[in-house]
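Listed below are the residues making up each chain.
2 protein chains.
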Amino acid sequence: MKKIITGVLLASSFLVSAAEPEFTAQQLKQVAELRTNASNSDLSYQLLESLTTEIGPRLPGTENDKKAVAWAQEKFQALGFDKVWLEEATFPEWRRFSESGKILTPSEQTLHLTALGHSVSTPKDGITAEVILFETLDELIAAPANSLKGKIAYINYRMNRDIDGNGYGPAVRARSTGSVEAAKKGAIGYMMRSVSTAHHRFAHTGGSHYKDGVTKIPNVTIANPDADQIARLIALGKNVTVNINVQNEDRGQGTGFNVIGQFNGTQNPEQYVLIGGHLDSWDLGTGALDDGAGVALTMAAAKHISEIKRPKRSIRVVLFAAEELGLWGAKAYFKQHAKELDNIVAAAESDFGADVVYGFESNVSAQSLPVVRAIAKQLAPLNVQYIAKNTANGGPDLIPLKNATSAPIFDLHQDGTDYFDYHHTADDTLDKVDPEKLKQNTAAYAVFAFMAADARTTIKPKPAK
Amino acid sequence: MKKIITGVLLASSFLVSAAEPEFTAQQLKQVAELRTNASNSDLSYQLLESLTTEIGPRLPGTENDKKAVAWAQEKFQALGFDKVWLEEATFPEWRRFSESGKILTPSEQTLHLTALGHSVSTPKDGITAEVILFETLDELIAAPANSLKGKIAYINYRMNRDIDGNGYGPAVRARSTGSVEAAKKGAIGYMMRSVSTAHHRFAHTGGSHYKDGVTKIPNVTIANPDADQIARLIALGKNVTVNINVQNEDRGQGTGFNVIGQFNGTQNPEQYVLIGGHLDSWDLGTGALDDGAGVALTMAAAKHISEIKRPKRSIRVVLFAAEELGLWGAKAYFKQHAKELDNIVAAAESDFGADVVYGFESNVSAQSLPVVRAIAKQLAPLNVQYIAKNTANGGPDLIPLKNATSAPIFDLHQDGTDYFDYHHTADDTLDKVDPEKLKQNTAAYAVFAFMAADARTTIKPKPAK
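As they're listed, the protein sequences go chains A and B. Those letters in the first sequence? Residues 254 to 718, by our numbering. Those letters in the second sequence? Residues 254 to 718, by our numbering.
These are computed hints drawn from the structure, not numbers from a lab. One should not assume that every hint holds.
Put simply, identical chains are the same to the list, so a pair is met inside one copy or across any two.
What the hints assert, rightly or not - Once the Cα atoms are required to be at most 27 Å apart in a straight line, the calculated DSSO-like pairs of lysine-lysine come out as:
(1) Lys377 to Lys355
(2) Lys319 to Lys355
(3) Lys320 to Lys355
(4) Lys402 to Lys282
(5) Lys319 to Lys491
(6) Lys320 to Lys491
(7) Lys565 to Lys715
(8) Lys355 to Lys592
(9) Lys320 to Lys588
(10) Lys336 to Lys655
(11) Lys713 to Lys630
Required output: the full structure, derived from the provided sequences and hints.
As structure tokens, then:
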């Protein structure tokens with residue numbers, strides 16, 4: 254009897270499920286209102302302007318990094334978040350003090366360079382040596398043993414421009430391990446063309462790694478016009494000698510904080526939609542695109558939602574610490590919350606600049622696709638296309654989550670055509686942000702987060718492999 | 254009788270003049286061939302690539318400046334100019350060694366700055382002081398006496414963008430005399446928004462002057478994004494303190510050379526069309542737009558003409574020395590040739606980048622306008638419009654000529670919409686030049702110079718005032 258009753262109940266609830274829409278007419282009206290409000294508000298731009306102006310660059314471990322944590326706490330509170338808290342994260346601290354470069358032969362001229370993260374310093378007067386050019390990292394790896402003794406190895410590989418930034422990965426290979434490969438062949442310095450699409454004299458910084466047992470050599474990138482110049486000189490058969498001078502410091506373990514703000518859900522507050530960005534930035538620019546925009550627009554999106562109502566599930570904005578030095582905030586967050594990761598009903602990080610969102614993609618259980626499609630339908634008026642592949646990657650700070658479990662992850666794909674003109678350079682400043690595009694972006698996050706938090710059924714991840 | 258005969262001769266020559274065209278069908282065929290050849294040749298780009306790559310920056314008095322003189326001599330000779338020679342010019346030598354800046358309060362961040370030409374150095378650790386903002390130079394001039402004691406005066410004026418660069422003049426006022434006005438009020442440093450339309454973090458250098466009897470204070474510009482940042486901070490009511498550190502040196506009198514190449518005329522070789530640019534550049538970039546392009550395209554234009562034929566009058570390409578430090582090469586040239594300035598039948602300098610020529614304008618005697626119109630007709634196929642105002646200014650290096658005499662001056666107006674994105678910054682490099690636009694530009698100079706040199710009647714200046 255019991256069994257039969259259960260069977261009947263199940264069948265009945267299945268029928269309801271098939272018939273009952275994910276969102277009521279009332280909810281859809283709220284979504285429309287939210288979309289309009291967020292599309293017309295400059296709150297995200299105001300937050301971004303405040304962060305990049307009053308704090309500026311936010312390298313993990315610096316005074317500015319600490320100021321940014323205080324800034325985020327205050328802003329969350331001022332915006333009326335129900336709960337605001339910090340969670341500690343440690344990371345290997347590194348500081349840049351000065352850097353300069355020159356081409357010495359065949360003709361003296363400035364070389365616009367920057368040290369990669371964790372690069373060792375040169376001696377006080379720099380290192381001076383001939384440049385040996387390789388078009389790719391693989392060419393360098395194929396060079397004979399000891400063939401770079403006393404030389405500076407140079408990789409000339411140029412990243413390509415595309416809307417989804419697909420040129421970044423192949424180019425970053427030379428950034429991650431190039432100096433190790435160069436040192437193995439006897440080089441005293443490593444230099445590479447910036448992983449950048451810019452036609453301006455800004456060198457691009459970023460993470461890089463040394464390897465135990467291999468000599469640590471200074472590790473720098475040069476701006477595209479400077480890279481062109483060196484390539485032309487070498488093509489003319491000239492002996493190109495440069496001086497590289499970078500003064501940096503590894504400072505051991507530093508401590509920072511993920512800053513978290515939450516609007517509590519009304520029915521299942523322990524369940525939450527996770528949106529956010531990373532609060533830290535490189536030191537060269539003011540981190541407007543990377544990732545001030547992600548910070549500002551997710552804070553604003555949550556605020557806009559709260560002005561409509563508190564959804565069934567919580568909206569949690571996580572501003573991760575020390576992303577640039579290796580996702581240290583994200584590693585700490587997902588470790589600390591390891592036992593409750595299935596409370597995350599949807600997760601999306603904004604960390605790709607401030608241009609418009611053009612595509613919406615999920616990575617969820619098949620049974621959750623009706624909710625996804627219902628959300629996509631409400632994003633369409635913002636000119637966001639539904640990408641039905643269901644293979645979303647999430648942002649970089651979601652990598653530790655994906656490594657830990659199968660999670661319901663979303664991509665709000667942004668137009669990244671120009672992103673690598675500014676990314677990780679001194680030129681990443683507020684004037685590169687179009688306030689109108691930022692509004693669209695904020696509205697897309699607001700609609701997505703609201704609907705994922707207020708859907709009738711809870712979004713589920715794909716089954717664990 | 255004699256009188257009557259003269260009268261008859263005059264009338265007759267006037268009639269001939271009205272009836273006979275300035276150019277024969279054969280000459281116009283040569284013009285068409287020249288226009289096609291120059292439009293299809295990459296000679297000017299090759300020259301520009303060679304100059305900016307093999308020499309690079311060319312600050313007057315530096316080793317690179319000397320190398321550029323040797324480069325130009327060799328290129329003139331290799332191109333088969335009939336006569337190649339140097340003429341000495343002296344100038345006040347100045348050198349930049351290092352520069353850096355920081356905003357210290359309210360939050361530490363890099364300040365992208367550069368010293369203006371002839372700026373004095375700061376002490377070794379720089380100067381640190383509060384910034385006092387003025388929107389215009391006139392506001393600074395109106396400030397009370399001693400009101401800037403111990404402060405750094407800052408002018409926030411932004412130049413506007415336009416095709417003819419008309420925003421430059423008003424903005425340059427603050428560059429020329431701003432530091433003098435600031436020092437008069439007790440300021441210890443002078444800082445201004447770059448005279449630039451760029452949205453990139455490049456500060457713009459340029460000429461500036463001190464005044465006897467007024468304290469010489471460090472004199473710098475900051476990049477537009479940095480200027481925006483300081484303006485925002487001050488608008489927020491923050492006390493903005495900066496550190497400026499520039500190390501430079503005035504080195505007394507230096508010596509350089511105008512480099513001159515000529516194709517000799519077949520009928521009146523002493524008469525000549527003067528085209529050219531300036532060979533020197535600021536030290537920050539490689540002087541591709543300012544003024545490598547002018548150098549390269551006028552050399553190439555003359556070469557293209559010589560491949561058609563030697564015109565009646567000579568074609569003289571003058572590459573002026575030390576323009577950036579105050580037109581010193583031009584002053585020397587027109588002084589040395591003071592007694593024979595009426596040999597110049599047409600003069601035009603290219604010193605406004607590498608974008609297309611859109612307009613052609615003369616400044617000549619009314620009796621020479623038929624020749625001008627005939628030239629304009631042959632420029633039309635290059636999309637160059639005739640501007641009939643007859644008030645051409647010529648380039649900066651023609652100022653000493655205009656000061657000395659009434660001369661037949663021409664403007665080949667270039668599109669300068671983007672010129673001030675790069676002008677006098679580190680970002681003035683070869684990649685900013687569009688090879689196709691440079692071809693059009695070269696062809697326009699070739700057609701103009703050929704026709705002015707080969708016209709039936711000699712072009713005359715307006716009567717001296």
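Evaluation of the provided hints:
{"no.": "1", "hint": "Lys377 to Lys355", "in the structure": "both (15 Å within a copy, 22 Å between copies)"}
{"no.": "2", "hint": "Lys319 to Lys355", "in the structure": "between (35 Å within a copy, 19 Å between copies)"}
{"no.": "3", "hint": "Lys320 to Lys355", "in the structure": "between (35 Å within a copy, 18 Å between copies)"}
{"no.": "4", "hint": "Lys402 to Lys282", "in the structure": "neither (69 Å within a copy, 61 Å between copies)"}
{"no.": "5", "hint": "Lys319 to Lys491", "in the structure": "between (48 Å within a copy, 19 Å between copies)"}
{"no.": "6", "hint": "Lys320 to Lys491", "in the structure": "between (49 Å within a copy, 16 Å between copies)"}
{"no.": "7", "hint": "Lys565 to Lys715", "in the structure": "within (22 Å within a copy, 84 Å between copies)"}
{"no.": "8", "hint": "Lys355 to Lys592", "in the structure": "neither (53 Å within a copy, 46 Å between copies)"}
{"no.": "9", "hint": "Lys320 to Lys588", "in the structure": "within (25 Å within a copy, 62 Å between copies)"}
{"no.": "10", "hint": "Lys336 to Lys655", "in the structure": "within (26 Å within a copy, 74 Å between copies)"}
{"no.": "11", "hint": "Lys713 to Lys630", "in the structure": "within (19 Å within a copy, 74 Å between copies)"}
Checked against the numbered hints above, the structure breaks hints 4, 8 and satisfies the rest.
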